[in-house]
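Chain by chain, the residues run as shown.
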Amino acid sequence: MVMKLRTAGYFFKQAGISLWRNFWMSLAAVASVAISMFLLGAFLLLVFNVNYIAASLQSNVEIAVFLQVDTPRQAAYQVRDQVMAMPGVTEVTLVPKEVGLKQLSQQFGGEEELLGATGGVNPLPDYLRVRVADPETIHEVARAIASLPGVEKVNYGQEVVDRLFAVVRWLRWLGAGIILVLGLGALFLIIITIRLTVYSRRREINIMKYVGATDWFIRWPFFLEGLFLGLVGSGCAALAIYAGYSLLLTRAGAALVFIPLLNDRVLLLNSVLSLVAGGALVGALGSLLSIRRFLKV
Amino acid sequence: MSLIQFYNVTKVYQPHITALDDISVKIDKGEFVFLVGPSGAGKTTFIRLLFREEVPTRGQILIGGRSIARLKRREVPFLRRNIGIVFQDFRLLPEWTVFENVAFALRVIEVSPREIKPRVEKALERVGLSNRARMFPHQLSGGEQQRAAIARAIVNNPRILVADEPTGNLDPATSREIMKLLEEINYQGTTVIMATHAWDIVNSMRKRVIALQQGRLVRDDREGAYGYEA
Ligand SMILES: Nc1ncnc2c1ncn2[C@@H]1O[C@H](COP(=O)(O)OP(=O)(O)OP(=O)(O)O)[C@@H](O)[C@H]1O
Ligand SMILES: [Mg+2]
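Heads up: the sequence lines are chains A and B, in that order. The first sequence maps to residues 761 to 1057 in the working numbering. The second sequence maps to residues 674 to 903 in the working numbering.
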């Protein structure tokens, strides 16, 4: 495994010659690695982001408690106080139906028209906005509130959050599957490329074995060739991912205000670096697999 | 102690071709040995076992006192650096000059570049090819190609030279020249083991003859002749 400095030049030269000789094959292998590593990177960032969105949503989930439409205001205050007294609840705001109607009309248009459509009667109930200290306890708090008299319905964003987390889990599996297939494809192309070289050099290899060259001496040039294919491919992918995501952050940041994109340079850099490492691994593995059979003499 | 020792060596190729059957033989340092026998007798198998292209199914092979069946995979190259190998079909690399072909054998065992040139020149001188160093194999006669191959086999000064029908592709006159070369190499101390069908060569040289037949050792003469009509 040890490469003497003086032979290192020889190995690099051999690897270079092979890459040049099989130029188109090498290019295909590089492209294949680049595509699969690019998709891997895109998936990684997607998963990170959905995860991030889910987490940030979770931390400001509110419980919306809708009271029965005919609840007297006095009873509404009572419910509010009861909720306030529950453990884990940090903040309760009573939103009277008049305020609710105002908010609705600000979003969707004139108050009179809304009232006109319902025959002059405010169709909204009073409702309470409840915040809890720990998002984990939101299930229990919501259930407890739902059992209070005068409460019609309890809504809380946890369902959305849960669904998001489910999406993340699902994305992970899907991503892993796609990347496995693409990665195998890239590995396969690298193996074919190196095999071509090995095949065109089989007589050299044969003689090397007979005159007593070590296995690693024989392997090194092919190993370097595979490593190079993997590194160049994944390097391209890493650059594209890095540039693309940076662009997305600056350009689309304004357009996508409602989706908070994860702006974490360290994470981005780590993802990009692991892509490069992944490409190198695929390349090295491919070359070792291709030469194995030919070393048996 | 003999340089090469075979103890009850049997080689069975899958599924059940017994290429060598219970061979026990000793070869001393500096000997010249012919390996003869009809086609399929096991000559090539014997040679392959020597440089550990194959391992014996049963029995022991010692070279310089070391069991070569027990060598670890990474030790095999170092065994081979002590054994020069010559084939019937020369196995020169056609896109390289004679010099490069011979130098290749040193370069791949990481001999320092400064040493390579003088050693290659010396080897080419020994086989009488000094003036062909810059030529490509296809520019050489068969005999000259085999000389180049021999130069490659001896450039690392191996203790043993094995040759599997080295004259098989050559005419009688050229064969005799190659034999003279091998004999010279032998005189300079290298143990030579040569498998051959060429009974006239064997008869004229009066060297030790080990005869195989269907994998069995049928004869081992100190100054032998081929022994059967070819
Ligand atoms: N790799 C192999 N797999 C299976 N059988 C083999 C293998 N190599 C040789 N044999 C068999 O072993 C026997 C001995 O073969 P070997 O090549 O040693 O004979 P040989 O004496 O060199 O013959 P020749 O004079 O024709 O070269 C033959 O029957 C051959 O078919
Ligand atoms: Mg043979």
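These aren't lab readings, by the way, just hints derived from the structure by calculation. For each residue, glycine too, the CB sits at the ideal point set by N, CA and C. A couple of the hints might just be wrong.
Take a look, some chain A residues computed to stay more than 12 Å from chain B by CB distance [unchecked claim]: (1) T850; (2) L875; (3) A902; (4) V914; (5) L934; (6) L942; (7) Y970; (8) G972; (9) A973; (10) V1036.
Here are the in silico distance ranges between beta carbons for each label pair [what the hints assert, rightly or not]: (11) F772/A <-> N830/B: 25 to 31 Å; (12) N830/B <-> V1026/A: 56 to 62 Å; (13) R781/A <-> R747/B: 25 to 31 Å; (14) I777/A <-> N830/B: 55 to 61 Å; (15) L956/A <-> P786/B: 27 to 33 Å; (16) L956/A <-> Y686/B: 26 to 32 Å; (17) F751/B <-> F772/A: 22 to 28 Å; (18) L956/A <-> R739/B: 55 to 61 Å; (19) P688/B <-> L956/A: 29 to 35 Å; (20) G841/B <-> I777/A: 29 to 35 Å; (21) I777/A <-> Q861/B: 54 to 60 Å; (22) F772/A <-> S740/B: 36 to 42 Å.
Is V1036/A truly not at the interface, in the sense that its beta carbon sits beyond 12 Å from all beta carbons of chain B? holds, 31 Å
L934/A: least C-beta distance to chain B exceeds 12 Å? Per Cβ check, L934/A is outside 12 Å of chain B; nearest 43 Å; holds.
Is the gap between the beta carbons of F772/A and S740/B within 36 to 42 Å? For S740/B against F772/A, whose Cβ atoms are near 38 Å apart, the range 36 to 42 Å holds.
Given the range 29 to 35 Å, decide if the beta-carbon distance of P688/B to L956/A lies inside it. 33 Å Cβ-Cβ, so the 29 to 35 Å window holds.
Looking only at beta-carbon atoms, does the pair L956/A, Y686/B fall within the given range of 26 to 32 Å? holds, 31 Å
Given a hint of 56 to 62 Å, does the C-beta separation of N830/B and V1026/A actually sit inside it? holds, 59 Å
Checking the smallest CB distance to chain B, is A902/A really beyond 12 Å? holds, 67 Å
The hint says 27 to 33 Å between L956/A and P786/B; measuring C-beta to C-beta, is that right? Holds - the Cβ-Cβ distance for L956/A and P786/B, about 29 Å, lies within 27 to 33 Å.
Quick check on a hinted range of 25 to 31 Å for R781/A and R747/B, using CB atoms only. holds, 30 Å
Taking the Cβ atom of G841/B and the Cβ atom of I777/A, is their distance within the range 29 to 35 Å? Because 34 Å falls inside the window, the suggested range holds.
Quick check for students: does the CB of L942/A sit more than 12 Å from each CB in chain B? At about 35 Å from chain B, L942/A clears the 12 Å cut-off, so the statement holds.
Checking a non-interface call: every C-beta of chain B should be farther than 12 Å from the C-beta of T850/A. Is that right? Per Cβ check, T850/A is outside 12 Å of chain B; nearest 68 Å; holds.
Violated hints, listed in ascending order, are 7, 8, 9, 14, 18 and 21; each of the other numbered hints is respected by the structure.
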